[in-house]
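**Q** The primary structure of each chain is shown beneath.
There are 2 protein chains.
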Amino acid sequence: MVRTQKRRIIAAEGTNMTPTEEMNGSGNLMDFLDEPIPDVGTYEDFHTIDWLREKSRDTDRHRKITSKSKESIWEFIKSLLDAWSGWVVMLLIGLLSGTLAGVIDLAVDWMTDLKEGVCLSAFWYSHEQCCWTSNETTFDDRDKCPQWQKWSELMTGHTQGGGAYVLNYFLYVLWALFFSFLAVSLVRVFAPYACGSGIPEIKTILSGFIIRGYLGKWTLLIKTVTLVLAVSSGLSLGKEGPLVHVACCCGNLFSSLFSKYSKNEGKRREVLSAAAAAGVSVAFGAPIGGVLFSLEEVSYYFPLKTLWRSFFAALVAAFTLRSINPFGNSRLVLFYVEYHTPWYMAELVPFILLGVFGGLWGTLFIRGNIAWCRRRKTTWLGRYPVLEVMAVTAITAILAFPNPYTRRSTSELISELFNDCGALESSQLCDYVNDPNMTRPVDDIPDRPAGAGVYAALWQLALALVFKIVITIFTFGMKIPSGLFIPSMAVGAIAGRIVGIAVEQMAYHHHDWIIFKNWCRPGADCVTPGLYAMVGAAACLGGVTRMTVSLVVIMFELTGGLEYIVPLMAAAVTSKWVADAFGKEGIYEAHIQLNGYPFLDVKDEFTHRTLATDVMRPRRGEPPLAVLTQEGTTVEDVEALIKDTDYNGFPVVVSRESERLIGFVQRRDLTLAIKSARQKQDGVVSNSVVYFTEDAPQLPASNPQPLKLRRILNLSPFTVTDHTPMETVVDIFRKLGLRQCLTCGLPFTWACCLRLLGIITKKDVLRHMAQMMNQDPESIMFN
Amino acid sequence: MVRTQKRRIIAAEGTNMTPTEEMNGSGNLMDFLDEPIPDVGTYEDFHTIDWLREKSRDTDRHRKITSKSKESIWEFIKSLLDAWSGWVVMLLIGLLSGTLAGVIDLAVDWMTDLKEGVCLSAFWYSHEQCCWTSNETTFDDRDKCPQWQKWSELMTGHTQGGGAYVLNYFLYVLWALFFSFLAVSLVRVFAPYACGSGIPEIKTILSGFIIRGYLGKWTLLIKTVTLVLAVSSGLSLGKEGPLVHVACCCGNLFSSLFSKYSKNEGKRREVLSAAAAAGVSVAFGAPIGGVLFSLEEVSYYFPLKTLWRSFFAALVAAFTLRSINPFGNSRLVLFYVEYHTPWYMAELVPFILLGVFGGLWGTLFIRGNIAWCRRRKTTWLGRYPVLEVMAVTAITAILAFPNPYTRRSTSELISELFNDCGALESSQLCDYVNDPNMTRPVDDIPDRPAGAGVYAALWQLALALVFKIVITIFTFGMKIPSGLFIPSMAVGAIAGRIVGIAVEQMAYHHHDWIIFKNWCRPGADCVTPGLYAMVGAAACLGGVTRMTVSLVVIMFELTGGLEYIVPLMAAAVTSKWVADAFGKEGIYEAHIQLNGYPFLDVKDEFTHRTLATDVMRPRRGEPPLAVLTQEGTTVEDVEALIKDTDYNGFPVVVSRESERLIGFVQRRDLTLAIKSARQKQDGVVSNSVVYFTEDAPQLPASNPQPLKLRRILNLSPFTVTDHTPMETVVDIFRKLGLRQCLTCGLPFTWACCLRLLGIITKKDVLRHMAQMMNQDPESIMFN
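Protein chains in written order, with the UniProt record's numbering: chain U, 1 to 783; chain H, 1 to 783.
This is chain U alone, in the form it adopts within the complex (with noise of 0.2 Å):
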């Protein structure tokens, strides 16, 4: 019995018909033969995708190459191709967005120092670059050389004195202005999908979204240039995820080479999953964090088989960039640091404070940016974003150019912040009175007072806090590309170190008291006010992210040692705690929902009671199912159903009266198949009769010829019974990546049992949780 069930499975499978068609082809040789009906199985614009047709169309093309690949040498090698392929993609991915993340970070210095001043032996050269070219520069003046001039030496020699300064100043604005202004031109003219961080619309288009155009070419190019001219302009944002947004249109790019993923949605994104794993790996230099982040944060169907190639892709993204070196140092991290200093237990408690502070930070910069960005949306604001931009970046470089740590770049900065203060430091921050008599080794020097140059940068810190957390809550979500990694870490890290500062003076002028009594004797070396700010930063990132793993491993690998990641663990958990409390959603969720894009988070938990006789469609007292019965509709009266509504699909039955279900077509699939047919095949007309049975009704002579559907009839759609919970329900939709499930009733009334009841979308779901959350559930706007 078993071997010849066996047999019969074998025997299908070497027909090279899928289910359905050997099914199909059985009752009708016809229908097997025609051609397939282009662009059946593609999905509109802002519609989403099912994840189990894209699977499932997947398995039956492996299957077709699989068994062709016996045939002859050459289907064999393009089986070896295709399996090669996923790997081709990575590398192009790895190679193509390292490429583009160094010439960003070439560009961007070049043109933040452009507006400071010019190179004379090069103008191509950036500030760092010029003085290394030059000889004459000792390694204390390592940033004074006289090829660097600054506008005001050049066009009026003069590089001191009221005159100068002012000069200087208006030409920042000047070069800020011209800069955002062209980047908001080139984003408005040519691609209005570049603007933002991309991260929202990037989940949203891996939990299974169409957006067309997102990740196309036109974005790429035009991404990557007005991010360079944004990061430039000096305006609060930052070119991390962004980078995040150029990796995936790579992914895009490279996926569209190769049909397996081209001609598959759910392929496609897990191409993509991986291309965000380099963006973040080419962001940070950290390819292990790069993975966890689009595993934790980014994807939502990670199969263990991406994670490998993601790693991959983050690996060859990392070397190319660090083989291109913009940084100049060979380091392949954003931030590179190296802490001499043990931390101590008791040390907790501030970076614990700090953590709190982060998750404060991140609750106020969502709320008010969500605010802002809202009103933005409804009132006149939205109408004039060039204008927005322009103001923002005049306030911006207006205040920005007077204080020092606001008017360099802000990964500077943060590199600035997190730096311990070796002996070679003369950084205004590193300004401590020394011990004239001090023998020890350059990596142990003990705490000292704090010098005139700490107060002041004390003072000017908090100012630049201050102007960060209220200009970066006004900058992201303008018409540029903007990030907010390293605005967030910049407010974390000024934070931190302010907080590091104190402690260190405290523990200096007070070791006699219990709490430093034990770690901290006079002369040694004990606060490492750059670790602070570390921890700073990750608590803010995470209160604003809330990320977990992935921030603690990007952290990790900026330090390279396990020694930091208690410290920098506590205050991720605590920012994430304080955060959470005052309400569940990150940034990226809350812009998701802004927007009302169809994104079912994994990590929400539906706790509600309901059942899926509450959600399902249509409800009492709304018109019946719009559904297709099974044979005797016309054409005309098809096309009249597909005009009238504006449902994605319809269920066909065996009749309107007793409702039993045969299957589900969709709406897209239909529209295609009849516009075909009308097209090529002779004799359907509008009164053509459509059928989805396997032989066609018997007609009279004299009607047109019948127009067979049965192909595009998915003959096992998703269904569920009327009691189902809809956790359950929410579950099935999240697992198995659903668009649509069908609900049917157990026969509680003596009817027809399991009669087709209603149907539940995604969008159901999404605005049935919306409204048990007490939300508009009219802000899920799409299918």
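These are calculated hints, taken from the structure and not from any lab test. Keep in mind that a hint or two might mislead.
Just so you know, same-sequence chains aren't split out, so a pair can sit in one copy or run between any two.
Calculated lysine-lysine pairs in the DSS-like style (CA-CA distance at most 25 Å, straight line) [to be verified]:
| no. | residue 1 | residue 2 |
| --- | --- | --- |
| 1 | K68 | K603 |
| 2 | K643 | K603 |
| 3 | K584 | K305 |
| 4 | K305 | K735 |
| 5 | K377 | K584 |
| 6 | K217 | K263 |
| 7 | K64 | K584 |
| 8 | K68 | K675 |
| 9 | K603 | K78 |
| 10 | K643 | K150 |
| 11 | K78 | K64 |
| 12 | K603 | K64 |
| 13 | K763 | K150 |
Given chain U, put chain H in place with the hints provided.
**A** Coordinates of chain H only, in the frame set by chain U:
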């Protein structure tokens, strides 16, 4: 309309009833007041759990706690405690597994050295600790000190000469036999589950299977003790795999303290996933690698919440172990290495060759080991486990003693092979011919010609390689705790070091060859044989376990630099590809299959073109499905049905003729409910009528009291239509963690629509998959 529905839902939520209860309650209040039947909803030993049911039970519990928490302060505190219990459990797991790992390390160290000699100053000191405390030791003779005496010295006063050698040899073998005898006896008498590495079983348990006692207290105790004995006996096995089992036992122990975890098999598995991460974290000192190992290799469902907690547990465990400091070097990692030379592109060729070797070794090991284990299972061999262990121990000890590379513990061997030859290295492997005029700094020793010691070492290593390859195949799977990480790594490290020395000498003697010309000038330090050993170890481990990302990350954490990730990755990828070409499954999957556990691998792709109707039971010609009717069956009938069949559950239909489904009832629940009713409910006798409807059937007054069982009825059993492709069914089983799924028919005939046609259980799915892969379907033994 929307508002009304909302209010209705909220009203329902206020009553603390599950949907089922709510519905039942409305019909019959008495039933709602009934106390719950004990043990309903639990599982029998060697049975599969239903993840959907566990999840919905947890949501119910959570809902109850949330609504109660508003009632009083005490309930609020209880709800807080409940929310925190996850973190508490993680902390406890981390602390205990870190401590146990430290204790095991110390004990193994001492007992391994006990085979050679004893410390006179304190017999509980290992060789290293003994000579540490000795003041007379110079740096060069770290391991020679008067306090440490070999057995021959202690007993006869001789250290040199044939007699002393024979005596030491004899005692070495004797101790080994004694240790292994103790180990196997303890396992046999007290905890048969303590044998093996435990990872295959843990994988199965995490995928949703019950093996009572596998993670129990006795297993924990005995496994810890016997692991020390087994490793000390010098057998070719490691402690890394069993440490994962030990950590999971800790996880099970602590999860039984909290009802949230102890009463829910799904939640308990979340804890166990995290515990597995903690186990790997302490085994290698690699917390991030541990989390990824748990994610990639061990866990089945890994919610993101668990990822964060796993990381916490892994970190706590790693820091606990470090504070115990068993290796005496304050290092977190097992094999700490630091290389000073970068690798060159051309070296990728030998690295990839090592990858090929690793893949071949993996295939050889898996095939050989499985063949031997199958023989043990099926022949007389399995009846004499003690004898087998003793025989293998004797052979191992006798063959291992003469070779210095097999005599010492395997982890010491790996450690030495990984190490770069510094200036202070006294090992035989570093016996190079030194240039007397050398004045280079210590970390930049140029390549040198090999001395006699290196050539001797090469021969000994080659012999050790053959020995390890053969003996490991026979050792893994015996009735003692045995891991295969360390033996696999040893095989790879030996092969790698041999290749490394060969390349190094080739480069030294032929640096004018084209391949060396570009990167290996005379006097340069261009080849690091230790790196080759590490790459080989990664390749061999990858070939056996088929780990990918976690393998590379663990190795990355050992070296602590991204520099060497590319060689490791190249070797790991090659090894996986080569091994996969010979068979897709890793050693753990092979052992799962050998034992017939019902494990539905997430990594396997099901690509066959079968339909649900091909798999469901009953098949054509088999007796019809055993069903219950919603009323009219007596208690006696039900008991007879339970006795006559061994199905795990029964569909409940309206009547035997219509076969219209109303729900599904689990066998165990049915048994328990009837037993409890017979004990507690008066009037329930053998000919009481059992009914599953909402209202009691109308019966004559003379009839005994009927028994209402609607409460144990699952009203929303999972159904698929019989034309659903099996790949979708497999996907649903995997992603939703179903135990069984009912098959309904769509109306191809004009019979009643959606008739219940059959049932598919996880076992059926697995048997079908085995059959499709030309394996014996009867090998799947459990349900």
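**Q** Compare the structure with the hints numbered earlier in the document and write down the numbers of the violated ones, lowest to highest.
**A** When the structure is compared with the hints, numbers 2, 8, 10, 13 turn out to be violated.
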